[in-house]
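K.L.:
Protein chains in written order, with my numbering: chain A, 3 to 289; chain B, 75 to 415; chain C, 90 to 361.
What the hints contain is simulated information worked out from the structure, not anything from laboratory work. Please read all numbers here as calculations on a predicted model, not as lab measurements. By construction, the Cβ of each residue, glycine as well, lies at the ideal position given by its N, Cα and C atoms. Treat the hints with care, since some could be wrong.
Pairwise CB distance ranges (calculated) [claimed, not checked]: (1) C:GLN215 - A:ALA27: 17 to 27 Å; (2) A:ILE143 - B:LYS126: 31 to 41 Å; (3) A:GLY101 - C:ARG129: 24 to 34 Å; (4) C:ARG129 - A:LEU85: 47 to 57 Å.
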Amino acid sequence: MNHSNAMSASAARRGSPAARWLLIALGWLMFLLFLALPLAIVLTQALALGVGPFLAAIVEPDALSALRLTVLAVVIAVPLNLLFGLSAAWCVSKYEFRGKSLLVTLIDLPFSVSPVIAGLIYVLLFGAQGLLGPWLDDHDIQIIFALPGIVLATVFVTVPFVARELIPLMQEQGSQEEEAARLLGASGWQIFWHVTLPNIKWGLLYGVVLCTARAMGEFGAVSVVSGHIRGQTNTLPLHVEILYNEYNIVAAFSVASLLLILALCILLLKQWSEAHLDRQRNSAAEE
Amino acid sequence: MSLRRYALAAAISAVFAGPAIAKDYSLLNVSYDPTRELYKAYNAEFTQFWEKSHPGDKVEIKASHGGSGAQALSVINGLKADVVTLALAGDIDAIAEKTKTIPADWQKKLPDASTPYTSTIVFLVRKGNPKQIHDWGDLVKPGVGVITPNPKTSGGARWNFLAAYAYGLKANNGDETKAKAYLKELFEHVPVLDTGARGATISFTQRGQGDVLLAWENEAFLSLNEEVGGKPGKDQFDIVVPKSSILAEPPVAVVEKTAEKNGNAEIAVAYLKHLYDPAGQRIAAENFYRPRDPAVAKEFESKFPKVDLVTIDDPIFGGWAKAQPHFFADGGVFDEIYTNK
Amino acid sequence: MSRRLSPVIPGFGLTLGYTLLYLSLVVLIPLATMFVFAARLTWHDFWAIITDARVLAALRLSFSTALFAAVINGVIGTLLAWVLVRYSFPGRKIIEAMIDLPFALPTAVAGIALTALYAPTGWVGQFATSLGFKIAYTPLGITLALTFVTLPFVVRTVQPVLADFPREVEEAAACLGAKPWQVFRHVLAPALLPAWLTGFALAFARGVGEYGSVIFIAGNMPMKTEILPLLIMVKLEQFNYPGATSIGVLMLVVSFILLLLINLLQRRIQTP
Chain A
3 MNHSNAMSAS
13 AARRGSPAAR
23 WLLIALGWLM
33 FLLFLALPLA
43 IVLTQALALG
53 VGPFLAAIVE
63 PDALSALRLT
73 VLAVVIAVPL
83 NLLFGLSAAW
93 CVSKYEFRGK
103 SLLVTLIDLP
113 FSVSPVIAGL
123 IYVLLFGAQG
133 LLGPWLDDHD
143 IQIIFALPGI
153 VLATVFVTVP
163 FVARELIPLM
173 QEQGSQEEEA
183 ARLLGASGWQ
193 IFWHVTLPNI
203 KWGLLYGVVL
213 CTARAMGEFG
223 AVSVVSGHIR
233 GQTNTLPLHV
243 EILYNEYNIV
253 AAFSVASLLL
263 ILALCILLLK
273 QWSEAHLDRQ
283 RNSAAEE
Chain B
75 MSLRRYALAA
85 AISAVFAGPA
95 IAKDYSLLNV
105 SYDPTRELYK
115 AYNAEFTQFW
125 EKSHPGDKVE
135 IKASHGGSGA
145 QALSVINGLK
155 ADVVTLALAG
165 DIDAIAEKTK
175 TIPADWQKKL
185 PDASTPYTST
195 IVFLVRKGNP
205 KQIHDWGDLV
215 KPGVGVITPN
225 PKTSGGARWN
235 FLAAYAYGLK
245 ANNGDETKAK
255 AYLKELFEHV
265 PVLDTGARGA
275 TISFTQRGQG
285 DVLLAWENEA
295 FLSLNEEVGG
305 KPGKDQFDIV
315 VPKSSILAEP
325 PVAVVEKTAE
335 KNGNAEIAVA
345 YLKHLYDPAG
355 QRIAAENFYR
365 PRDPAVAKEF
375 ESKFPKVDLV
385 TIDDPIFGGW
395 AKAQPHFFAD
405 GGVFDEIYTN
415 K
Chain C
90 MSRRLSPVIP
100 GFGLTLGYTL
110 LYLSLVVLIP
120 LATMFVFAAR
130 LTWHDFWAII
140 TDARVLAALR
150 LSFSTALFAA
160 VINGVIGTLL
170 AWVLVRYSFP
180 GRKIIEAMID
190 LPFALPTAVA
200 GIALTALYAP
210 TGWVGQFATS
220 LGFKIAYTPL
230 GITLALTFVT
240 LPFVVRTVQP
250 VLADFPREVE
260 EAAACLGAKP
270 WQVFRHVLAP
280 ALLPAWLTGF
290 ALAFARGVGE
300 YGSVIFIAGN
310 MPMKTEILPL
320 LIMVKLEQFN
330 YPGATSIGVL
340 MLVVSFILLL
350 LINLLQRRIQ
360 TP
């Protein structure tokens with residue numbers, strides 16, 4: 003190997019300084035243009051008239067009731083999908099069976115189904131003109147335009163999140179530890195509780211965080227089944243739209259920035275769980 | 075509350091309220107886009123009115139707003155509205171037909187074909203009217219951008235469309251082909267087609283789209299009274315009243331079956347009837363809806379410009395039952411002029 | 090990684106049963122309802138609905154804007170993934186954390202923020218106006234909104250593969266005299282391609298269905314800036330169930346095919 007080749011080898015590793023700084027600058031530019039700017043405009047519009055109107059918009063009763071409803075939908079939808087994600091990941095990663103690939107595709111399906119369709123199907127199923135509509139009406143059960151419909155739409159769009167995080171993680175980790183525990187006489191629950199769960203807890207948290215983010219922010223699907231009754235079936239994202247449509251731009255952006263702050267908190271949580279996940283992976287790799 | 079105290083309270087309220095037993099009401103009014111401010115004011119007034127005549131009652135009125143067609147659809151799909159107050163009779167007809175919760179002859183249940191207030195379509199232009207838009211013909215001048223919502227989803231947009239069509243017919247001596255050609259040209263001047271009247275107003279006022287907004291009269295007045303971008307709307311926009319327009323009749327109806335089920339049959343009727351009382355008419359007028367009551371109309375006379383108004387029952391339209399499918403159904407006049415470009 | 094059969098671990102019946110039950114109740118049965126409604130149409134009617142000029146225009150718009158957005162993300166995403174994996178520089182952690190913002194931010198918030206930004210009166214929009222073109226209320230605006238919403242996909246799929254890629258291979262190529270660009274093209278790109286394509290396809294699939302962020306900025310003009318999901322809403326609002334369900338079925342079939350492709354791709358990544 004001659005001298006110049008050795009030089010270019012190290013150059014390839016580090017890249018030439020000019021190209022490197024150019025790429026970093028481009029990366030920063032893209033970041034500013036595509037991510038920071040929208041964030042900045044939400045906050046400036048919210049604070050356009052000062053802190054007073056901003057806070058007033060957030061503590062207004064309709065906004066608080068929208069916040070309550072959003073939290074309620076999240077609190078119901080996320081645990082349901084958490085349980086589902088665990089169950090799906092367990093059967094996909096621990097066993098081989100026919101149709102597994104199809105099953106994985108079906109789990110992913112809600113992810114790429116348009117939110118509008120997610121709302122539409124519940125209207126077709128539970129709406130007064132829908133398949134079950136007359137029966138529900140006879141029994142005085144209200145699903146769409148009420149909490150159950152909002153929760154169902156939220157559950158639908160967030161079905162894949164926990165499962166998607168756990169499946170690759172559990173496949174990567176393999177089943178040796180579980181098999182060993184089994185040989186030592188542990189029951190299924192004991193294996194799950196003492197062997198699997200500690201191994202996947204950070205991945206699980208990561209999935210839950212993503213699931214929460216989406217559940218909190220879903221707009222299209224919920225919009226179809228909500229009925230938009232102020233103070234009753236309005237979630238926070240829908241409340242943003244309503245305020246926006248009432249000339250109340252400052253209030254709309256104020257509530258939007260509340261959602262933005264929640265989103266940033268979620269990102270922090272995600273970063274934290276991800277860091278733990280990485281550390282766990284690295285230590286596993288070292289073993 | 076202990077049983078004894080509860081009994082005591084009940085006894086006291088029975089003494090003071092007479093034979094009626096105090097009730098808690100929760101009433102849902104499903105309405106269309108530009109009535110947000112009107113019903114905010116009216117709900118406060120009605121709550122007070124009812125609670126005064128029915129001491130001990132508690133009234134809570136919930137409201138839902140959106141494009142008129144979208145709102146009607148929600149009710150058809152099971153949104154439990156006690157009353158509907160929509161942009162046009164066609165939408166309430168659709169609810170009556172599809173759900174049977176509203177009787178077919180609902181327009182006969184209240185005075186004035188169940189329309190407690192009317193409105194019309196006017197133009198909102200930028201301050202000083204830089205493009206010199208004075209009548210319908212000016213909308214198709216080169217370089218003029220016209221903002222109107224989508225007639226497929228917005229009630230207001232249907233009134234806009236029909237008003238323009240009436241002008242097109244009149245200007246061309248009743249030649250339908252030429253009237254359609256005018257509409258086709260008009261829609262070539264439309265850069266944004268929002269789904270609801272309010273969305274269109276926002277596009278025009280906040281987002282600086284177009285040179286003229288075809289708007290409900292009340293919506294146009296409201297824009298003058300709102301702050302837009304930190305400046306009063308009055309300093310940024312002018313209202314232009316065209317020589318002719320259409321009498322827009324936004325009707326109201328009790329969703330009888332639902333109201334009955336919710337125990338709201340009586341209060342729902344009272345809620346709509348009070349709209350016809352001077353107090354209700356005054357609130358309508360204050361929110362720039364034209365009142366029906368002659369005395370109140372006189373009081374607010376100076377507020378509403380005089381326009382030559384065609385009605386939906388004019389032979390050129392033949393009422394909503396005929397106009398809706400003819401103009402706005404799939405394959406109707408709107409599709410004809412809009413999709414065949 | 091164990092791909093071995095492990096019959097000793099209990100719970101197969103329970104977990105598979107629960108998974109299938111839950112999926113059926115929440116996803117499959119509701120989705121099937123749409124097919125039930127669509128099946129009331131004859132094939133001829135269905136075909137007539139989805140080949141209607143307005144539907145075709147929306148179809149073209151939704152697919153082309155989603156495709157452009159995915160392409161833009163293919164470039165920006167690769168760049169960001171590269172910068173984040175290969176370099177350490179001031180602010181790297183911030184960018185790293187914020188990449189997922191579009192996932193965490195409600196789409197309606199994204200919608201009003203982007204509209205405020207790109208409307209002719211907005212921060213960016215006014216520059217565009219003075220240069221003589223429009224962003225908001227045009228397909229360009231839709232593309233930008235979709236780019237924002239789907240930004241994390243390519244970054245997040247390419248990033249781990251790039252991080253795991255053994256440097257020795259690149260160095261070997263460089264030692265053999267390859268220029269940095271050649272190293273990228275002939276060594277890195279083939280290795281990154283499956284991940285890149287996965288991210289691309291995910292971004293595309295999500296972009297086709299996206300609603301919340303787009304309706305504010307689109308302008309919603311039939312034939313021009315009306316996206317497929319909005320057209321479903323419009324058909325619904327006109328009580329046109331056959332129309333809405335037909336378009337829905339069409340979109341569903343397309344997204345299912347896309348997902349199958351993605352899963353096949355991911356299999357190829359896992360078993361090289």
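K.L.:
Compare the structure with each hint and give your call.
P.N.:
Checked hints:
1. The beta-carbon spacing between GLN215 of chain C and ALA27 of chain A, approximately 25 Å, falls within the hinted interval of 17 to 27 Å.
2. A beta carbon spacing of about 37 Å between ILE143 of chain A and LYS126 of chain B agrees with the range 31 to 41 Å that was offered as a hint.
3. Checked against the given bound of 24 to 34 Å, the beta carbons of GLY101 of chain A and ARG129 of chain C, roughly 30 Å apart, stay inside it.
4. Remark: the range hint 47 to 57 Å for ARG129 of chain C to LEU85 of chain A is contradicted by a beta-carbon distance near 36 Å.
The structure fails to meet hint 4 from the earlier list, while all remaining hints are met.
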